[in-house]
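Novice: Take a look at the letters that make up each chain.
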Amino acid sequence: MFNISRRQALAASGGLIGSLLVPQRFATAAVGSTLNIAYNVNLPSFDPQTGPSSVNPTIQAIYRSIFDQYIGQKPNLAFEPGLLTGWGWNDDKSKVWMDVREGVVWHDGTPFTPEDVVWSIQRKAKPDGGNPVAFIWAGIDNFKIDGKRITADVKQYDPVIFKWMAFLTGYVLPKAYFEKVGPQGFEKKPIGTGPYMVDAYEGNAYLRLKANPKYWGGKPAFETVVFKFVPDATSRVAEIESGSSDITLEVPYEEYDRLKAKTGLKGVCTPISDIGMIFITNGGVMDDKNVRLAMTHAVDKDTIIKKLLRGYGVPIATLEAPEYAAFDPSIKVPYDPAMATKLLAASGYSKEKPVKFTIQTTRGFKPKDYEMIQAIVGMWRNVGIDANIEIYEIAKHFELRMSHKLAPAAFYNWGNAIGDPTTSTGFAMFSKSPHSAWHSDDLDAKIGPLWGEKDEKKRIQGWKDVDKYIAEQGYVLPLLQYAQPILYKSDLKVTPNVSGALQPATLVSKA
Amino acid sequence: MLLSVVANRVGMALLTLAGVAVVVFVLLRVVPGDPVAMMISPGAGPADIAALKAHYGLDAPLPEQFWIWIRGVVTGDFGTSITLHLPVTEVLASRLPATLELAILALLVAVVFGGSFAIAGTLMRRTIGETIIDSLNSILLAVPDFIWALALVLLFAVAIPVLPLTGRIDPELAEGFTTRFYLIESVLTGRFAVAGDIISHMIMPTVALALPLAAVIVRLLKQSLKEAMLQDYVLLARIKGFRELRLVLQEALRNAVGPTLALTGVQFTFLIGGTVIVERIFAYPGIGNLAIDAVINRDFPLIQGLVLLFGLIFILINIGVDLTVAALNPRLRHA
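Protein sequence lines, in the order shown, are assigned to chains A and B. The letter at position 483 of the first sequence is residue 483 when you use our numbering, and the numbering goes up by one with no holes. The letter at position 128 of the second sequence is residue 128 when you use our numbering, and the numbering goes up by one with no holes.
Note that these hints are calculated values from the structure, not bench results.
Derived list of chain A stretches under chain B, where covered just means 3 residues or more per stretch with a C-beta under 8 Å from a C-beta of chain B:
(1) 41–52
(2) 133–145
(3) 195–205
What the simulated footprint calls covered on chain B by chain A, stretch by stretch (three residues with Cβ under 8 Å from a Cβ of chain A suffice, anywhere in the stretch; the number is not a length):
(4) 27–36
(5) 52–63
(6) 83–89
(7) 140–154
(8) 157–167
(9) 274–282
(10) 288–294
Just so it is clear, CB atoms sit at the ideal spot from N, CA and C, and this is done for glycine as well.
Construct the complete structure from the given sequences, taking the supplied hints into account.
Specialist: Quick look at the structure:
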């Protein structure tokens, strides 16, 4: 039974009303020791090694705040030491070696050891462990630890293995702690070696992080970082406009232009490692090279970027963006509707007798995705292509693509934060990959030898040649490289990251 | 008598839930979208895909998968969420309180707001006041909850930023709770500043959810009250010299409230359905927001658990409404 006196009731009412009337912060308010980020996705799981979250590029910024990767990555995608200070191959490239950073401690104060590195790789390699990229790590085995150096055998040479150590699932977790608390215990109280420690978490609401005073890379600029999970773009705009958050990302370009001009706010919108493309599935009319090439030459990418994306984006001719290792600026697929008309005419098609097929697209999954496809279909119509638009959910896209049942043309985006050609052109175009749409022996014959090519220069040149061949054959329709809009309070300094990961520890500071 | 009615309703509820379980299980496997396809990485081969399917128990024949799941459900084990890596039961138990507090607060606001305007409209019948109330109510009825949510965001979070926009509580204050019923617990433990913060976070989602329901209550209750006001017992009371307000509150309301109560119960289930979008807009950590993520990620165990939970809530609300209506109306009680 509660006995509340009149005085207590009055005090309680005062407290309630007072707290309701506390004014909200405005956009011009200075950023304190806490950085509030209105983040565009929820963090479902703290395990960066297994499950769907581990391969979700949009939450890597959070993982990189709590955990460290074997190998770090600069904002321009260049690699740098992480928990490994050195790495490499033996002469015949049958073994790898890794030097482990010394003096690092986990968030619970226990020392980080080479055993953690080995255990993390072994955990990720288990075929039944729930890691979607277990096959990458399964290639390393027979580990030996000698002081701070780890050596291991590789089942076959993989030129990208160290790049994966800075990519999806490439994180080190604490062996002893994880084995003690178990996977569910780890979800409830995760620890890493990263710049921030988990202080409080409420799924679908927020994650509060505290600076790790013992971080090997130095103390971060903010004592506290709060990731607010705000998946609705309108709400993110309101968060930054009202001053409730200090920084946000992935807002509509129209809102970005409006808000960056506002007093107290700044904006940066630069290209990231994510491209928009149209998969072409072989079979039917797509087996006609003239049709495929007409499709590519009929699309005015510059106009699409200018008119629909307000200029934020970079037109691309291959699946390699300018920051990627195998980007070749000499490969061009010009906008040439006359050539497209001529190519179609050679196959008996015209505006009066158009070639017909279906194009699938998402709607609202990526900025202006549906509108872009509408525009492209309009451009195609002008040269003699009559495409029927079918809207689908992204989940359906994955299922159809895995079973090679996509429509003849299908819009999708493709991220590649390590910028290697294997993780863009390779997996998107090699017929053995579950994510490829175009399956043909001629292309496989060109790609196949590159997977294990040991000469790096030769390997990169090989991929450039493949990209050129794909462009000449019209096996895919690359559209544009996306730009990521970031809005922030003007007393912040933000370094854009080509990978798209907005890492508060290294890329955001006070101006 | 009442006991047999309750037993009958509980039996029907269990049958309904069993039907829901079958439908949701089959539907998820029929509609496109495979959780493994969602996460499989480029470069994975058929063996890798098979290993992932086995890891999540999706490799067994459908009847076997269903049997494993339903056997677990009966013992309270709804499986483990694919995306959250936690038992579904634990996840639902941690998120449900947030939605219940929001929905119940919205219901209270709708009843108070709707009831007040219905009574005011009845008192002002055949005046300009009634016309104004009817006109405003038509607008409330026409606009869905998520539009109200967006309008409130623009008004009270951007134009006049007086209310916090997202979340359930200021992250700095979200400590020291022993239950997930933050509002109730903070009030009961005398942490009124915290309660105030929680309420300030709840105002916009609550109002967005409450307004459409309030409009329904206004329309139905006002109509019922107007009809009741023409009955003989009201006329008799009027002859006795009762004032208009007393006529409405004391004589007409008790008889008019039955249909409104029944419909409010049904509408409350829609309100809970509305939390899915409204919680998303306000980044409110309830089961509605959770449901969207579960569907996007094709988290089968979590979707199945959520659908069963929503089904259970709807059934319980309907049973509660039936019992309340019966308790208020002696004729139904003895029917």
